[in-house]
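Given the coordinates of chain H, assemble chain F onto it according to the supplied hints.
Chain by chain, the residues:
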Amino acid sequence: MTTLLRQEMFKLRHQNITWITVGFNLIVMTLFAVLTKLKPTWFDANNEVAMGFSGTLFLVFFLIGVASTIVAAEFQYGTIKALLYRKYYRGQVFASKVVTLLVYSIINYIIIFGYTMVLKLILFGNVDLTAKIGKTTIIGQLGLNLLGSFVGLWLILALVLLIANLFKTSSAAITIGILSYFAASILQVVQSFAIQKWNWLKWNPLNMLNAGAQIKDSTLHSFTKLSLTAITTGSIVYTLIFLLIGYYIFKKRNV
Amino acid sequence: MENILQVSQLSKRFGKKQALSNVEFTVGKGRIVGLIGPNGAGKTTIMKAILGLFSYEDGQIKIDNQPVSETSHQALAKVGALIEYPAIYPYLSGLDHLKLNATGDDVTNRIDRLVKQMKMDSYITRKAKNYSLGMKQKLGIALALINQPELVILDEPMNGLDPQATKDLRDVIIEQAAAGTAFLISSHILSELEKLVSEVVIIDHGEVIKQATIANLNQDQADYIILKTSDDEQAQIILQQAGIAVMKAPGVVFNQTATVTLAVVLKTLIQANIDVFDVLHQGEDLEASLLSILHNETKEG
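Sequence order for the protein chains is H and F. Residue 129 is where the first sequence starts when you use our numbering, and the numbers rise one by one after that. Residue 2 is where the second sequence starts when you use our numbering, and the numbers rise one by one after that.
No lab work stands behind these hints, which were simulated from the structure alone. As the structure is a computational prediction, the values presented were derived from the model and not from experiment. Hints may contain errors.
Among chain F residues calculated to face chain H with C-beta under 7 Å, some are [stated by the list, open to error]: (1) Gly-41; (2) Leu-52; (3) Leu-54; (4) Gln-75; (5) Ala-78; (6) Ile-84; (7) Tyr-86; (8) Ala-88; (9) Tyr-92; (10) Leu-93; (11) Leu-96; (12) Thr-104; (13) Val-108; (14) Ser-293.
In this text, a Cβ means the ideal position worked out from N, Cα and C, and glycines have one as well.
So that you can see chain F by itself, here it is in the shape it has in the complex:
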């Protein structure tokens, strides 16, 4: 598969702090890739580096095989982005913003289409200073999309969006991706991101911990089961005595394996006269995978 974005061996220091070290990942054409990790892991820093906003000591960033750095911006013609806050001039209307930023042919039709697609018709001619947070966010995303980029970089795009707007945005992204646009999206709302992305890049402490497709990520991960019992503390002790490892977490959490099955655990607990009120599976969502990967990383590190 051809890559629209290729980041290799990227390192960046801010004074004494190593912000990024040897960051490597790729985004294939038309793919939607999630960039996830805890606060301060370096997600925004990576996005800013890709956008040529600062210099970096080592490594290379290529967009469509053209190098990008603070001093070579040509390839950014193919990129649309929303970083941190939408770029809004309070004295301009939403429509003015789109007119201001749109370049190339067929501008009027492209603006019309995008406004309809993002359901912004009702307020697009109003001055942006009267917009709600969600309206501004939508406008910022529309600005990232207006010039039909091949790669779109969105930093926390769901910030401030209500459920309907979140769904609208999701539809737009999926539609654009189907048409060949690649997306690199960071978000804290992992349940939302999960509905969109086909791949994730997990970042912690300025390093890439893993790049994997969602399917692979879940396969690799342990199948955690959480039990709610009549006496969690007692249940933990009994399971440990029976040689079943339980995690230090609220409730009773264990990793289901070939030998330690749910049935075995339930039997053990029931024999010890502990009632089981609820059984939750944790191994299948992005949040659990992320937490477990980060957790393992900390233990190994």
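Looking at chain H on its own, in the form it has when it is part of the complex:
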């Protein structure tokens, strides 16, 4: 299994998208930080630090791309057979891809957190990380924002992995991934209306897409009708279900 992980990491390290993702996020964060410094009336410094200078704004799109190619590219390049006719089992091959993606996503969050601290130190010496913002502190809110983004991101990535396994092409997986990312906000009004009427609908996966937002902002409870624990658990359960279905398709795939 360590060999499989080493190999997946090796492949990821040698692809441009891996580095572009990190670089792009850093540029976005730098832009937001500089704008906040130059135009304090446009952006609130405390708020921007708590939001990690919008470092996660585009992260989900890049990671949807990485997630879809980590599976679909093996079919596209015809490398899937060579991946499977070794001493490893299909489950291990699939797991090595999921774990690699997980590690890569966590590294991105660590970089975003670290660079937020760097930007704060250089440009915003006056911002006190322990100052109150909403119900928590600035640093606490930053943590919640990153955690919320991470939980929401993985629900979508699990779906993208499933679709990539199903259709063997990255374009379908990327399209559905991006659509599902926007679906939560686009359908929010309709959905909350439906949930008012049929309470059980609150357990549908689209509602779980709000988990990230509710972790960041607990007032969303009035829309989702789920407690923070329930929606977080629900989101994680759906993530696992999507991964399991993806694994099942991968296992049954004729190569």
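Only chain F this time, still in chain H's reference frame:
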């Protein structure tokens, strides 16, 4: 002799189509065995089954006495393979591919040695997306060999290789086999395969028709002689009238036996005023043996 690979009673269906039925053959340690047969005979299917790529209904596959199936892959640690197309990531260089796949000790030296042996030095650091078909094929074979497997399975390894590269590959295979590696190789280029293999397994319609050493195969087979004459049609008629069986083929083809010798046939034709321009022996190469075995099989079936 100890076997590295043992396939017994292997059967596989794809829907209604019986792809393999009761396939049986062995590959001895350090032997080079050719897997031959017409297109669609089941060569790639057999190779994929050996590599645990799908489940099969009946039979058993053992590599070094360890069973292999879709759900037990342990024995595949001893196997290297190239099936259908080389597994190439366009964004990696050839060297990266070898680094990616090499496991165990002394990786750097092993890679260096293999690259030199296969004469890939000049392009090994270039990205694989710029490789020619032949370069990719060579890299695919290098990937099959890099972890010093005991059994190497190559599906059409000469595809896309120029004559020099084909010879280089042949040298590598013979060298590795001498060091104890067994090979199972399928190829359409029978004249090439013949220079390599010591044994063949002939497959048709998903069944093993014959497993034999090259020497035995040729001995068993008829000694066909092909004549080019001034009037082939007339020559066929005259020979048939003289009680000599001729085959339905272009030219005049007959099977040389103790009574029907070349001399007898030539005399008969010359007496009938037919000139003989050329005499070809067909019974000694793999292609002829294969064609004749498949031909007999069709007649019997």
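Hints versus structure:
The interface hint given for Gly-41(F) is broken, as the beta carbon of that residue sits about 17 Å from the closest beta carbon of chain H, more than 7 Å. Interface hint at Leu-52(F): satisfied, since its Cβ lies 4 Å from the closest Cβ of chain H, which is below the 7 Å cut-off. Because the closest C-beta pair between Leu-54(F) and chain H is about 6 Å apart, less than 7 Å, the hint holds. Interface hint at Gln-75(F): satisfied, since its Cβ lies 6 Å from the closest Cβ of chain H, which is below the 7 Å cut-off.
Hint status for Ala-78(F) relative to chain H: holds, with the closest Cβ pair at about 4 Å, below 7 Å. Given the 7 Å rule on beta carbons, the hint for Ile-84(F) holds: about 6 Å separates it from the nearest Cβ of chain H. For Tyr-86(F), the interface hint holds, since its Cβ comes within 7 Å of a Cβ in chain H; the closest pair sits about 5 Å apart. This hint holds: Ala-88(F) has a C-beta 3 Å from the nearest C-beta of chain H, less than the 7 Å allowed.
Checking Tyr-92(F) against chain H: minimum C-beta separation of about 6 Å stays under 7 Å; hint holds. Annotation: Leu-93(F) was flagged as interfacial toward chain H, and the flag holds, the nearest CB pair being 6 Å apart, inside 7 Å. Interface restraint check: Leu-96(F) against chain H, minimum CB-CB distance 11 Å, threshold 7 Å, status violated. A hinted interface residue such as Thr-104(F) counts as satisfied when its beta carbon comes closer than 7 Å to some beta carbon of chain H; here the least separation is about 6 Å, so the hint holds.
Of the supplied interface hints, the one on Val-108(F) is violated, with its beta-carbon coming no nearer than about 12 Å to a beta-carbon of chain H, more than 7 Å. The restraint placing Ser-293(F) at the interface with chain H is violated, with a minimum CB-CB distance near 34 Å, outside the 7 Å limit.
In terms of the numbered hints stated before, the structure departs from hints 1, 11, 13, 14, listed from lowest to highest.
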